[in-house]
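The number in this note's numbering is simply the position in the sequence shown, starting from 1, with 31 added.
No false leads were slipped in.
Mimicking DSS-like on lysine-lysine, the simulated pairs with C-alpha atoms at most 25 angstroms apart in a straight line are:
| id | residue 1 | residue 2 |
| --- | --- | --- |
| 1 | 75 | 127 |
| 2 | 322 | 191 |
| 3 | 75 | 125 |
| 4 | 221 | 295 |
| 5 | 191 | 364 |
| 6 | 224 | 295 |
| 7 | 224 | 364 |
| 8 | 239 | 295 |
These aren't lab readings, by the way, just hints derived from the structure by calculation.
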Amino acid sequence: GSGPEDATILILGEAPNAKDDRRRDELRGAIRGWAWGRLQTLIKDHLGVDPATVRRENIVRCRPPPGIKRDKPTLPTEREACSEYLKAFLKQGKVKTIITLGDAPLRWFDNSQRISSAHGKPFQWVEEDISLTVVPMYHPEIAHPLRNPSMVAPILADWKRLAELRAGQGEGELGDYAGATEADVIKLLKNVKRFAFDFETTDPRWQKTFSPIRCTPIGFSVCTVEGEAIYLETTNIECLREFLEDPEVEVVAHNAIFEYLVAKGQGITITNLHDAKLLAYVLRRPSTQLKDLSWAELGIRQTRFEAVDWENLDAVIDYGSADSDLEMRLFTKLFAEVQTEDFGALYEMERRLIPILGEMQWRGIPFTPAPCEELGRRLMRGKEILAAKIYTAMGCDGFDVNLNSGTQMRMLLYGPARIRILQNKELKGRLTHDTDCNRKCSDHACVGG
32 GSGPEDATIL ILGEAPNAKD DRRRDELRGA IRGWAWGRLQ TLIKDHLGVD
82 PATVRRENIV RCRPPPGIKR DKPTLPTERE ACSEYLKAFL KQGKVKTIIT
132 LGDAPLRWFD NSQRISSAHG KPFQWVEEDI SLTVVPMYHP EIAHPLRNPS
182 MVAPILADWK RLAELRAGQG EGELGDYAGA TEADVIKLLK NVKRFAFDFE
232 TTDPRWQKTF SPIRCTPIGF SVCTVEGEAI YLETTNIECL REFLEDPEVE
282 VVAHNAIFEY LVAKGQGITI TNLHDAKLLA YVLRRPSTQL KDLSWAELGI
332 RQTRFEAVDW ENLDAVIDYG SADSDLEMRL FTKLFAEVQT EDFGALYEME
382 RRLIPILGEM QWRGIPFTPA PCEELGRRLM RGKEILAAKI YTAMGCDGFD
432 VNLNSGTQMR MLLYGPARIR ILQNKELKGR LTHDTDCNRK CSDHACVGG
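Please put together the full structure from these sequences, using the hints given.
This is the structure in structure tokens:
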């Protein structure tokens, strides 16, 4: 590693790279070059810290074996073997904050998390007498101009959020939620021109896959004002019909095609759907999941589905209501950004496809089997004719060869052969005949002569 050993901030990468391997006297870890330049800017601009005071380390101290285009990823056994060195450094008690770059360093601390959903969300890590804050971040290298420049925006958003947390601004807060009756829902939605709503449903499986067409509601939430929402536990959504089917009322959802299909199953066709998930897609956010967007855009940690006690009505009310509340907040923020970025026409074009795609899924796509069967017969006849031509051209009439078998095709083309793998790249992969080949080389256009 490099940097002062008494640093309070540690940047943690995965493993050394090729340059580090060659320059053993200046081991700097995988965080160097272009990526280190970007990191220095992020540390200075968003944390207000001199990059020279930050320590850099890797979870694996030796360079992994080189792959075809880049070094191979580190293995769990390699990470475990190097754990003692990192733990010994952390036990000194100087480091208070660790910024992990990429998936592997994050999983060193918590194997249940993945960078795609955990990025930018600090958590406390405690082991033995060590207690510190871990901040998972994308590796800047992923946003290289030649790789994926669209990742620049989410990376900057994560660092901006980190700066806000360090400045004491704290995380965003959920709103005020309550249970409701059908009368409460109707009263809330009367004369409203836009509202967000979200279904909670059963979880039917069809061929081991969740099927929204087959699920039924167990409740829904509605939100008309950001920070406020109500939840109704019910299997009957008839009280929503006049509002969902009114073309003058904008209905906001997240992954709106799901709400469209669930409502369709109850005999209701939503006519004017907006989709916060679609807005995030148009804006090329790295993740369009509701919980990921809630953190990245609003700084709010939302309860995960698997963490909800579904036997506790209060917990269900809070969880269900938060969905519609956050959908409304995200829609307001992202819709304004779409207009600013001049993507309004693109979003509108995509939005109009929601009911079309919904109807396609609902009705299915019918076809007549007879033409397909006839096409299959024609293709089989063509395949047989082509195989016969191959056999004739190769001088093996009547010899049954499976043309889909690589091994049999090698026997047909080259006779008994073996692949000699040589160190010399110019000779690598050439085919040469065995000494017992019973055919002349001139008959086979032998590569090896």
